[in-house]
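Taken in order, these protein sequences are the chains called A and B. Taking our numbering, the leading residue of the first sequence gets 1228, the next gets one more, and so forth. Taking our numbering, the leading residue of the second sequence gets 119, the next gets one more, and so forth.
Among the clues, some could well be false.
Claimed, not checked - If you want a taste of the chain A side facing chain B, the calculated C-beta under 10 Å gives, among others:
{"hint": "1", "residue": "1364"}
{"hint": "2", "residue": "1387"}
{"hint": "3", "residue": "1390"}
{"hint": "4", "residue": "1425"}
{"hint": "5", "residue": "1429"}
{"hint": "6", "residue": "1501"}
{"hint": "7", "residue": "1506"}
{"hint": "8", "residue": "1560"}
{"hint": "9", "residue": "1567"}
{"hint": "10", "residue": "1569"}
{"hint": "11", "residue": "1582"}
{"hint": "12", "residue": "1587"}
{"hint": "13", "residue": "1603"}
Just so you know, these hints were derived from the structure itself, not from any lab. Quick caveat: nothing in here was measured; it's all calculated off a predicted structure. Cβ atoms here follow ideal geometry from the backbone N, Cα and C, with glycine treated the same way.
Residues per chain are reported as follows:
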Amino acid sequence: MTSTELPTPDLLYSEVEEDLRSSVRDLLTDRAAPAALLARVETAEPYDLKLWKTLAADLGAAGLMVPEELGGHGATAREAAVVLEELGRSVAPVPFLGSAVLATTALLGADSADPVIGELLPRLAGGELTGALAVPLTTAPGAEFPATVTVNADGTLSGRVGTVVDASVAELLVVPATGPDGPGLYAVEAASATVTELVSLDLTRRVADVVLENAPARRFTSGGQAVAALDNALTTAAGLLASEQTGLTDWALTTTVTYLKGRYQFGRPVGGFQSLKHRLANLYTDLVNARATARYAADALAGGFDVPIAVAVAQARAAPIAVHAVEEAIQLHGGIGMTWEHPAHLYLKRAKSDELAFGTPGRHRARLADLVDLPA
Amino acid sequence: MTVTAEDLRGQVERFLAAHDTTDRMEFLRARFDAGLAWVHFPEGLGGQGAPRALQPGVDAAFAAAGAPDNDPRRNVIGLGMAAPTILAFGTPEQKQRYLRPLWTGEEVWCQLFSEPGAGSDLAALATRAVRDGDDWIVTGQKVWTSGAHHAQWAILVTRTDPDVPKHQGMTYFLCDMTAPGVEVRPLRQITGEAEFNEVFLTEVRIPDSLRIGAVGEGWKVAQTTLMNERVAIGGSAVPREGGLIGLVAKTWRERPELRTPELRDRLVQHWVESEALRLAGSRLRQQLTAGAPGPEGSAMKVAFSELNQQLTGLEIELLGEEGLGYDDWTFRRSEVVDFTSREPGYRYLRAKGNSIEGGTSEVLRNIIAERVLGLPSEPRVDKDVAWKDLPR
Ligand SMILES: Cc1cc2nc3c(=O)[nH]c(=O)nc-3n(C[C@H](O)[C@H](O)[C@H](O)COP(=O)(O)OP(=O)(O)OC[C@H]3O[C@@H](n4cnc5c(N)ncnc54)[C@H](O)[C@@H]3O)c2cc1C
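Let the hints inform the model, and build the full structure from the sequences given.
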């Protein structure tokens, strides 16, 4: 495959995207300040569902990727990516990834004439309904269709799925399950499942165990279309996650630069020591890289070209960069970076969990090797 | 005549035959008195002037016999930093008074060095000590004080003369943590628990008899503490696969479903690094038989921190779904730092502190560059300026 066959991607931000960014950022600055996040994570309501309503419904973030005729805004993955960048910069505890990305794109992969889609997708897109996709968060694009949930003779579902992201606040579960006539995607009311939030490493985005025992379910797609819809959801999520990782990297760099300009040791701002300046310059270089791969993945997803490679590259690059950037932020803040009061740990926990989400960088490198024909 | 490993083996055997272990503290005190506590210390102070490298053999022999130990993890600062400092600079009375209960763990120690404005630049510290007859009156704020909540004693550095350059105006003390005016407040960490503290000192009265070294010589004394700290953090003796590598290797062997070629490459790489570091540690301890730890201790600590961080990060990736979880976020004050008894998430987060505590990796690299490699130092703006006139 040569690059001349690829369309020229648009790697910049459009004016509309910048407008969207600033409204999301304003909202998050107002309503998700670090101190408020920290106070919230240990309460009985670690998710901020009021903020989620504002973001999802008032700002329209939940329906960005949904066509207008299905109640959405008819935007693309590019706009959703911008929202995720801002959510990476803020680690606000809202179920955007589980609901607006995973559950929504899984439904988008079905036949839009299906009555289940007609009923549920507009509600998801309008932020009235919150969804989650019942697969482990670590499931990578290209993984086999899961066999953990089975369809019973009466059409109900039984099985167990671990580490389902955002499930503890979802009303709708989108469940991949296998029955006598093959794979299918099913809509299940969360109330008819047992959802147990686990103690998550990531305090601002949680995973839960989902157990289904003869849970009533409605199938909305089956066979090859179901397999493709699930894979599309995972691919989209993996590609868009790179934008969140870019946001995390951006936060880590900006916050650390500010701190090191004002922190005096040895009679001068420590940011003036060349060894630290070079470290920060390296972080900036990484950020430039992460952002380019994330923008490319978003544009490829929006335009439907080069998607598998774009996503594998983005995850192989942006995920470790985010972890490294936040680790650097902690190190360069010295003792303060190790404290609970400083928000850096929330970002570290997010970056590390993101690194596992939808396949580790190593896994994406292996997948990329296959895609670009670099055999072992 | 120097004591040999064989002499010590015999001594341990005879000691074990002569002492029962029903009273743990009696046993430990007797072990100290027999010179089998830290064999390289002088006679009468827990040792017998033996080579330092023989200590692990003695500890292992006691452990193999199932004898009670002094739970060194509970008093890392006492054993690793306070003891060598008191030994080097203490008066005979101070050595007699403090070393035995320190070694047995009857008295746990903490380190009141860092302050909000003085971390890497420890010599910038502002806690004031003012002479008042036979006492000193100490006021200031310390921070990141590990284990202050269960310590009876502290090593403390203060400023006694603000009018001279920062390195010259400091004085070193032992501080009774139960004295009036000492207030310890927990400081929570990214792991969820509070292992360190803020310590507020408000007109704490410290008798001059608790001063270590001369007035104004606090920096020199503190250097000894810091050099020993680096060795204490990075240089303990471990068997092959004895550190964190052992935990990850065990998971690898037991869980074939987690394996990928890429993870295997990284794991083997870390295995090699762990083994190299273990050998470097042994080599360092062999060099130490004669004197104080050299700058190699700084290199050990830098390498140890990096390895721990990479290895714990890898462990989480390896575990996949399980890596998304955490064992317990409950806020509590921890007793010991134990990397092995908790889950991988804890190890990953706690290891972030390894490259900050006891001197950051950046500062240690500066030390290596300047003191070992003789590279020119950064331009100094604070050299000949009185402490009180320093830019902050
Ligand atoms: C888990 C833990 C336990 C601790 N326990 C204790 C304790 O028991 N007692 C105690 O006294 N202290 C303790 N400390 C404090 C520790 O010694 C300090 O945090 C450390 O010295 C760094 O100081 P700081 O936090 O002020 O960071 P700063 O000195 O503000 O450093 C900020 C960043 O700048 C870098 N930097 C600073 N100067 C330079 C330079 N010249 N060149 C290049 N980079 C530079 C640092 O490496 C760091 O990355 C503990 C810290 C931790 C994290």
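Item to complete: Would you list, in rising numerical order, the hints stated earlier that this structure does not obey?
Response: Structure breaks hint 2 only.
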